[in-house]
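Read off the chains here:
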Amino acid sequence: MAYRLGVDVGGTFTDLFLVNDESGATQFRVKTPSTPSDPSQGVLTGVRRICDEAGIGVGELQNILHGTTVATNAVLESKGARVGLITTQGFKQILHLARSQTPGPLAGWIIMQKPDPPASLADTREAVERMDASGSTLVAVDTAQVERIITEMVDSGVESLTVALINSYVNGAHERTIGEIAERLYPGFPVTLSSEVLPEFREYERALTACMNSYVRPKVQSYLNHVQSELAGAGATAEVNILRSDAGLMTTMEAARNPIYGVLSGPSGGVAGALFVATKAGFKDILTFDMGGTSTDVALCQDGQPTIGRETSIGHFRIKVPAVNVHTVGAGGGSISHVPELTKALRVGPQSAGAEPGPAAYGKGGEEPTVTDANVVLGHLPPSLLGGEMSLDVEAAHAAVKKVADAMGLDSVEQAAEGILAIVNENMAGALRLVSVQRGHDPRDFALVAYGGAGPLHANAVAEIMGSFPVLVPPAPGLLCAIGDLVADFRDEFAQTYIRVLGDASPGEVADILDTLGARATKWLEGEGIAEEARTVSFSADMRYHRQGYEIPVTLDPADARAGLAGLEERFNQLHEQLYGFRMPGTASEIVNLRAVGSGSVPKPELPTGSAGGADASGAVAEEHEIVFHGDRLPTKIYDRAKLAPGNRFEGPAIVTEFDSTTVVLPGYVAEVDTNFNILINPKV
Amino acid sequence: MTTTTDELRIAEIPTGITVDPVTLDIIEGALKSARFEMDAVLFRSAMSPVIREQHDEFPMLTDPRGRMVVGQFGAYINEMMDDWDRGVYPGDVILTSDPFKCSASISHTNDWLVLVPIFYEDELVGWSSQFGHQMDAGGPVPGSLPTGAKTIFEEGIIIPPMKIIERGVVQEDVLRLILNNVRLPEMNRADLFAIVAGCRAGEKRVMELCERFGKVTYLAALEALLDRTYNAMKFLISVAIPEEPQTFVDYIDDDGLGNGPYKMQLTIWREGEHAFFDWSGTDPQALGPINFYLSEGMFKMFIGIYLIMVNDPQILFNDGFYPLLHVIMPEGSLLRPRYPAALGCRTHALARQFDVLGGALCKNAPQLNTAAGYGTSPYMLYSGWDGQGDFFYSMEILYGGIPGRPIGDGMDGHSWWPLFENIPTEYLEAYYPLRIDGYTTVTDSGGAGLHRGGNGVEKRYVYLEPGEVSIHDDRWLTRPWGVLGGLPGGRSEKILKRADGSEERLPSKCDHVVVEPGDMLVYRTAGGGGWKDRLDRPVETVVRDVSFGLVSRENALAGYGVVLNDDGSADEAATEAERARQRAERGDAPNFDFGPSLEEVLANCKAETGFDPPSPARPLRWSPLEAAADALARVRAGDGMPAPS
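Those sequence lines, one after another, are chains C and H.
Numbering that gives the first Met the number 0 numbers the first residue of the first sequence as 0 and each following residue consecutively.
Numbering that gives the first Met the number 0 numbers the first residue of the second sequence as 0 and each following residue consecutively.
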């Protein structure tokens, strides 16, 4: 019996989902409180419980697939390692100078808060060495000098080292030499080489990304060791794999070495899960909408594939790692609304009440009007959540939102609450526009998949702005991420920078490089134990017009490349036109990077199904309330999601509640439950 | 606008319609995203590193009357279209690069400005516009910013407002004529179309807003947004601008032709809810290209943004408040030069203008009270023919010390202009025959203060092919001042170290410096002034700065009174005594510290900088300076303001 376990560690709950690949229908779910001080405890508790429920021993687990936010939290909470940076002579201030940018508008420098870089200037040293832009050594590495600076840094208490040298993207030999010296002096000491983490040009971004890797590395390493030893102690022999930010899997060894690849492990699990559920439901083009307490993550997936970007933001920093193109906006249930005295405009966020004190309605001392409070005032969030876990303080919410009504001179608190929702919905729609319209996609061709604590509350309204239907609300939002861990394929990228104008590029050479990269991908897949029939290797070239600064990935098969590069050029021209509205046929196009992506598919679990229950949903009605929509107080049925059966159909206005989420169906819309218990919301015809 | 009116229908601004406040805020948010989308499209598709890497470009959306509803610089459509007689149709794209034909909305010929009319239901509902800095616009020196230019004719091709695309058809002959006059025609062509693509993105978003909310609601919302800014500014003016006139003076060091320093003087005062900004007392226009033809609208926008920055930075800033501000710039002055003045090197006065504005405003707006920064946009241009006989040309804008600020230290080696970025060394080395020997900051160049001024930049360029170099910089003579007990920042300097071991200093403004392979230019920009009492800076912060290499041990003592032990820690007792000694010696800290007086600076010029002092600025024969009283009367009459009682 091949049991595989998906484990997602969230801020509040750890979700686990167990499947048996040989009989896909055998499934178990467990939800257990997270243990932030040592997340491995929550994981272990969950693993034991789910194995008990399944009646199997922990030793019978074949594979444990894990999405973790340890790296993310280390960055967000500034609790990473003390990082030492070795760079080229003359560039000690590389992180200090950054890209020299100050924020807009004019005079934005007056209020700019500059974040401390991951490696302090006091912990940065210049190595005597220099590589030129063609990859030839100008000044060889001075071994004695390098030994001295490494010793100096380690002795002073540096916990993790980065080597980031000018032009190492062309030739990483000097970085490797320095890495070897460090290994010789301090065997096992964590050293990150920028040319290995990110072999791409632009020294600041590469150095920053490598330093961020060093910054999170000791924490992630110790966490993974902990999880593995605890599991081993419980009798597990399974291999643990970690979800990467690009929704692929990596081994724990790789995750401990290059943890930065997993810095968005959590959100990418959500996207992978949402995409899997949506694809099963027949929707291959989706926008994901994950709204939590402080922020909302959105992403676009087309033709059953997530969009993978090469850059992502984490905390104050923009780092370059392959990641699901998740765009985050500071709008969530805890976002605080305020009305500046000067302009009397209604602003929502980016300040958030967070978990402490939280929205006024949580009764933990919060007094600022949040998005959650607006939902409570309008009745979109019922005062007592089903299951009786937590009841909401309606009066406190009312008092908080009244502050907004007073400041704006509005007649009613409900009006202010609807205003807050309208603004926050617009902010989130702005994020969805960024990943869709601004990248040349029409949002009306996409379904909107809502999850996260607050996603289903707002999804219908946001979809109305975007024209993205149906809205698909899968059951149990926490579970979705655990499913995402389970359905992720093994994935790794093998790239080489190769800057050539197409006219100067030799098709044979390009094909040879791709073949070499492909062979590396295949070797890696073999090493991961992926069966031959489950392996795929795809190829692409990052292209731009000569001297543009940003590249577009264009697919390129080695065999086609060998026959000539005209097809590549035409595909690039077409993509450029699609993205930016014009092409430049008279201008040379240029290859920047060649890339092979190896992926190994894993068996996909079945989703829970139920037998059809007919269109009548009245059996699931728990209560009925008067709830405010667009200024009107309308009688609204509250449904218990656990009682909804496939085939049930009901019209908005309606509210559906479940353990960790609430779904709003607006007037003028109709909801239907599909065979996998998803709620699909569409405009009423 | 004179148009063939039978063709062009300009949408009426609806009156008497109230847009509910939430819809208003939504439209505000959507316009803001549209503006950033315009940026994003241009960055991603442009070729010139000045636009793409450094972000020297500016988008704008206007209402049907040409008033800016979102953007940075204020509207220029009406001035530009004043004597337009060729009609405006859907699909038209208008291009210009002539500062004298668009009321200085662009300030030199490198800026190519594009206008796209936005039509909805056959009516003009607004304009989408964007301009970007082209790497080259022709003329005698690559980059088209000759430091020795005496007229605009030496600054490349001057494109009057004209249709480059008419009803969707690119005017290829005209475009060919233009591109035939520039050094990098392919790049200019690409960047032009990238700018157009950015404008189209803005156009699309406006049309969607009309569709979504209805044209009438959309237009009424624009009006309400203009009103919102008007009201906000009315309040800010009343608290920030004193009735009693405040005057502040600072200088541009020289004009590149040996004249200077040029005085910039601003006097501000308030009459009721109206504020006056009077540049009378500013020196006459220069013969050299440092004139900054300052658009009145743009200057109003600068003032407004400065004032509103700290109050509601999320506001969609627009021109609604223009009627409240009155700007006096005498004809024939450095800021209102007459045609055909040379304008290429206007960034010195552009930056200094903010120093002067900050100095004049700070009496009543202490939250804005910062010191002065590096005060210009330092350029390095390098061109020639490589070993294969191919022409190469690179241009880079450097940064410097940000002033000490109420919120904290000035950033070291950052850009005072928003959103600009430096060019990666790996980009420079991959595409140009250049090697960067080092990119760092100048230790001790940040003025001491409770909040330290930022250090200037030191960049060391090694040239790998024979070629010519140009330099544009300032603050080599006068210093970026400190405030309230902060010291001035360090001055800029350039040293050319020849491959043969010899060294020479280069002036801050020069062209045609011949370089050979292996020659190294050490380019140091100015620092920022310090903010508040330097002797109050926490000792541990000074210790940290020394350990970072940003402040020397010597300057820890001289600038901050901090005595360091051999291991880098502070000797607390000795520090306390030293600080007491320095306090007694100094007495009360001055409000503004400019360093030595201008007379002393000029007297010591040769000894300190190696260069002769510039000769005093004089009016040009062909452009007499308008008298202050005449200029004030002209503006009062033009703005319909009564003479003061």
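Mixed in with the good hints, there may be bad ones.
Claimed, not checked - 35 Å max Cα-Cα, derived DSBU-like pairs, lysine-lysine:
hint	chain 1	residue 1	chain 2	residue 2
1	H	Lys233	H	Lys203
2	H	Lys100	C	Lys343
3	H	Lys100	C	Lys401
4	C	Lys402	H	Lys214
5	H	Lys233	H	Lys149
6	C	Lys113	C	Lys218
7	H	Lys203	C	Lys319
8	C	Lys30	C	Lys363
9	H	Lys100	H	Lys262
10	C	Lys78	H	Lys531
11	H	Lys605	C	Lys343
12	C	Lys113	H	Lys233
13	C	Lys283	H	Lys203
14	C	Lys113	H	Lys100
15	H	Lys31	C	Lys343
16	H	Lys214	C	Lys401
17	C	Lys283	H	Lys262
18	H	Lys262	H	Lys605
19	H	Lys31	C	Lys402
20	C	Lys402	H	Lys233
21	H	Lys362	C	Lys683
22	C	Lys343	H	Lys203
23	H	Lys362	C	Lys319
24	C	Lys683	H	Lys262
25	C	Lys363	C	Lys343
26	H	Lys149	H	Lys31
27	C	Lys603	C	Lys343
28	C	Lys78	C	Lys283
29	H	Lys233	H	Lys214
30	H	Lys605	H	Lys531
31	C	Lys283	C	Lys113
32	H	Lys214	C	Lys343
33	C	Lys113	H	Lys531
34	C	Lys683	H	Lys605
35	C	Lys603	C	Lys30
36	C	Lys30	C	Lys283
37	H	Lys605	C	Lys113
38	H	Lys362	H	Lys203
39	H	Lys233	C	Lys401
40	H	Lys262	C	Lys113
No lab work stands behind these hints: they were computed from the structure.
In this text the structure is predicted, and so the values were computed from the model without any measurement.
These are the hints, each one checked on the structure:
A threshold of 35 Å between alpha carbons decides the hint, and for lysine 233/H with lysine 203/H the separation of about 33 Å falls inside it, so the pair holds. With a CA separation close to 38 Å, the supplied pair lysine 100/H and lysine 343/C exceeds the 35 Å bound. Restraint check for lysine 100/H and lysine 401/C: not satisfied, since their Cα atoms lie roughly 52 Å apart, outside the 35 Å limit. For the hint pairing lysine 402/C with lysine 214/H, the CA-to-CA distance comes to about 33 Å; that is within 35 Å, so the pair holds.
At most 35 Å may separate the alpha-carbon atoms for a hinted pair to count; lysine 233/H and lysine 149/H exceed this at roughly 41 Å. The straight-line distance between the Cα atoms of lysine 113/C and lysine 218/C is roughly 25 Å, inside the 35 Å bound, and the hint therefore holds. Taking the CA atoms of lysine 203/H and lysine 319/C, the gap is near 31 Å; set against the 35 Å cutoff, the hint holds. Annotation: proposed proximity of lysine 30/C to lysine 363/C holds, straight-line Cα distance about 24 Å (limit 35 Å).
Between lysine 100/H and lysine 262/H the CA atoms are separated by roughly 27 Å; this keeps the pair inside 35 Å, and the hint holds. Proximity of lysine 78/C to lysine 531/H is assessed by CA-CA distance (about 33 Å); at most 35 Å being required, the pair is judged to hold. Between lysine 605/H and lysine 343/C, the direct Cα distance comes to roughly 57 Å. Violation of the 35 Å bound is thereby established for this hinted pair. In summary, the hint linking lysine 113/C to lysine 233/H is supported, as the alpha carbons are separated by about 32 Å, within the 35 Å threshold.
With a C-alpha separation of about 27 Å, the suggested pairing of lysine 283/C with lysine 203/H holds against the 35 Å cut-off. A C-alpha spacing of about 40 Å is found between lysine 113/C and lysine 100/H, which places the hinted pair above 35 Å, so the restraint is violated. At most 35 Å may separate the alpha-carbon atoms for a hinted pair to count; lysine 31/H and lysine 343/C meet this at roughly 18 Å. Straight-line distance between C-alpha atoms of lysine 214/H and lysine 401/C comes to about 32 Å, which keeps the hinted pair within the 35 Å bound.
Pair hint lysine 283/C plus lysine 262/H does not hold up; C-alpha atoms about 66 Å apart against a cutoff of 35 Å. For the hint linking lysine 262/H to lysine 605/H, the alpha-carbon distance of about 21 Å falls within 35 Å, and the restraint holds. Restraint check for lysine 31/H and lysine 402/C: satisfied, since their Cα atoms lie roughly 26 Å apart, inside the 35 Å limit. Restraint check: the Cα-Cα separation between lysine 402/C and lysine 233/H comes to about 25 Å, which is no more than 35 Å; the hinted pair holds.
For the suggested pair lysine 362/H and lysine 683/C, the alpha carbons sit about 62 Å apart, so the restraint of at most 35 Å is broken. Under the criterion of a C-alpha separation no larger than 35 Å, the hint pairing lysine 343/C with lysine 203/H is consistent with the structure, at around 29 Å. Only pairs whose Cα atoms come within 35 Å are accepted, and lysine 362/H paired with lysine 319/C is rejected, the gap being roughly 45 Å. Our distance criterion of 35 Å between C-alpha atoms is broken by lysine 683/C and lysine 262/H, whose separation comes to about 70 Å.
For a cut-off of 35 Å, the pair hint linking lysine 363/C to lysine 343/C stands: about 29 Å separates their Cα positions. Straight-line distance between C-alpha atoms of lysine 149/H and lysine 31/H comes to about 40 Å, which puts the hinted pair past the 35 Å bound. Among the hinted pairs, lysine 603/C with lysine 343/C is inconsistent with the structure: their alpha-carbon atoms are about 53 Å apart, more than 35 Å. Between lysine 78/C and lysine 283/C, the direct Cα distance comes to roughly 39 Å. Violation of the 35 Å bound is thereby established for this hinted pair.
A distance of roughly 29 Å separates the Cα atoms of lysine 233/H and lysine 214/H; the hinted pair therefore holds under the 35 Å criterion. Only pairs whose Cα atoms come within 35 Å are accepted, and lysine 605/H paired with lysine 531/H is accepted, the gap being roughly 31 Å. Between lysine 283/C and lysine 113/C the CA atoms are separated by roughly 41 Å; this puts the pair beyond 35 Å, and the hint is violated. Taking the CA atoms of lysine 214/H and lysine 343/C, the gap is near 24 Å; set against the 35 Å cutoff, the hint holds.
In summary, the hint linking lysine 113/C to lysine 531/H is supported, as the alpha carbons are separated by about 20 Å, within the 35 Å threshold. Pair hint lysine 683/C plus lysine 605/H does not hold up; C-alpha atoms about 83 Å apart against a cutoff of 35 Å. Proximity of lysine 603/C to lysine 30/C is assessed by CA-CA distance (about 21 Å); at most 35 Å being required, the pair is judged to hold. For a cut-off of 35 Å, the pair hint linking lysine 30/C to lysine 283/C stands: about 28 Å separates their Cα positions.
Pair hint lysine 605/H plus lysine 113/C does not hold up; C-alpha atoms about 39 Å apart against a cutoff of 35 Å. About 45 Å separates the Cα atoms of lysine 362/H and lysine 203/H, which puts this hinted pair outside 35 Å; it is violated. Note on lysine 233/H and lysine 401/C: the hinted pairing holds, with a Cα-Cα distance of about 28 Å set against a maximum of 35 Å. At most 35 Å may separate the alpha-carbon atoms for a hinted pair to count; lysine 262/H and lysine 113/C meet this at roughly 34 Å.
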